[in-house]
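J.: Please work from the sequences and hints to get the whole structure.
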Amino acid sequence: MISRTERSANYAILLLFAVFALWPILTILAGALGPDDAGGPGGLANFPAAWAEGRFGGSMLTSVAVSGFVVVVAGVLSIMAGYAFGTMRVPGAAVLFPLFLLGLMVPTEVIVVPLYFDLRTFGLTNTFWGIALPQVAQSVAFGTFWMRAYFRSRPPSLIEAGRLDGAGSWRILWQILVPPGRPAIVTMVVLTFMWTWNEFLIPLVMATDESLRTAPLGLAFFQGQYTSGLTLLAAAAVIVAAPVVVVYLFLQRHFIRGMLEGAVRE
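So this note's numbering is basically just the index in the sequence shown, starting at one, shifted up by 182.
Just so you know, not all the hints are guaranteed correct.
Here are the computed distance ranges between Cβ atoms for each label pair [unchecked claim]: (1) 207 - 361: 33 to 43 Å; (2) 438 - 195: 17 to 27 Å; (3) 302 - 424: 29 to 39 Å; (4) 393 - 202: 14 to 24 Å; (5) 438 - 339: 23 to 33 Å; (6) 435 - 286: 24 to 34 Å; (7) 380 - 254: 30 to 40 Å; (8) 356 - 434: 19 to 29 Å; (9) 309 - 424: 20 to 30 Å; (10) 377 - 350: 25 to 35 Å; (11) 311 - 278: 48 to 58 Å.
Worth flagging that the hints you see were computed from the coordinates, not collected in a lab. C-beta: ideal position from N, C-alpha, C; glycine also.
T.: What follows is the structure, given as structure tokens:
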């Protein structure tokens, strides 16, 4: 039984950490809504001004296209690979699965230079594919690890019952195992979207064309223009971060459920 003092102490600690986490966000929001450094009206007018001056329309569309492609392709590949590693006897799995895990261990900074020369050999630099495909590979590494843990937690009797009913591996995956795995899949999708949206180094190295500039890159170039005026810079930062926040808030129930299930299973 938790005493009233212990409960009050727990709430005080949680409140302290909440303030510590929210303070930078509130500071950026306050700066974005503050008076314009150039003497303009400020407030909500800072957002369309930052959007227009930073030309974020094209960079946001590029980020949406890249993130959508990576989430869909990496998600499908991760589900199928996780299903294979989690429920089947894959020849060479003892070697193949650690190779997938290398994608989680090796930082982007280590591979970006040789990756650039490899993609340049195939003529993929300064293209959409040069930005998206490396991030698909990175996301599949995490997604395979995540979905393997989910599929291994499924009761073997569930798969055996599907096989007794005449279901093949494909039907067992998409009709029996995937529907109840929505929280795990949504968690993978949210994390993949967040990492892809915030990726800075790969778009910076792989593409020099302004039309292929992603939102974080657009924000970085915009920051170079407004080193002294912080109001429009803060508004631009809010614009770039808004899609990630919206996606998380929209899927937070499944995301939290998937994280909790992953924590207690493996």
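J.: For every hint, state whether the structure bears it out.
T.: Here is how each hint holds up against the structure:
1. Checked against the hint of 33 to 43 Å, the pair residue 207 and residue 361 passes, with Cβ atoms roughly 35 Å apart.
2. The hint said 17 to 27 Å for the Cβ distance between residue 438 and residue 195, and at roughly 20 Å that hint holds.
3. Taken as a hint, the range 29 to 39 Å holds for the pair residue 302 and residue 424, whose Cβ atoms sit roughly 34 Å apart.
4. For residue 393 paired with residue 202, a C-beta distance near 40 Å fails the hint of 14 to 24 Å.
5. Between residue 438 and residue 339 the C-beta distance comes to about 28 Å, which sits within the given range of 23 to 33 Å.
6. Distance hint check for residue 435 and residue 286: the Cβ-Cβ separation is about 26 Å, which falls inside the suggested range of 24 to 34 Å.
7. The supplied range of 30 to 40 Å is broken by residue 380 and residue 254, whose beta-carbon atoms lie about 18 Å from each other.
8. Evaluation of the 19 to 29 Å hint for residue 356 and residue 434 yields a pass: the beta carbon distance comes to about 25 Å.
9. For the hinted restraint 20 to 30 Å between residue 309 and residue 424, the CB-CB distance of approximately 27 Å keeps it satisfied.
10. A C-beta distance of roughly 33 Å is found between residue 377 and residue 350, which places it inside the suggested range of 25 to 35 Å.
11. Between residue 311 and residue 278 the C-beta distance comes to about 25 Å, which lies outside the given range of 48 to 58 Å.
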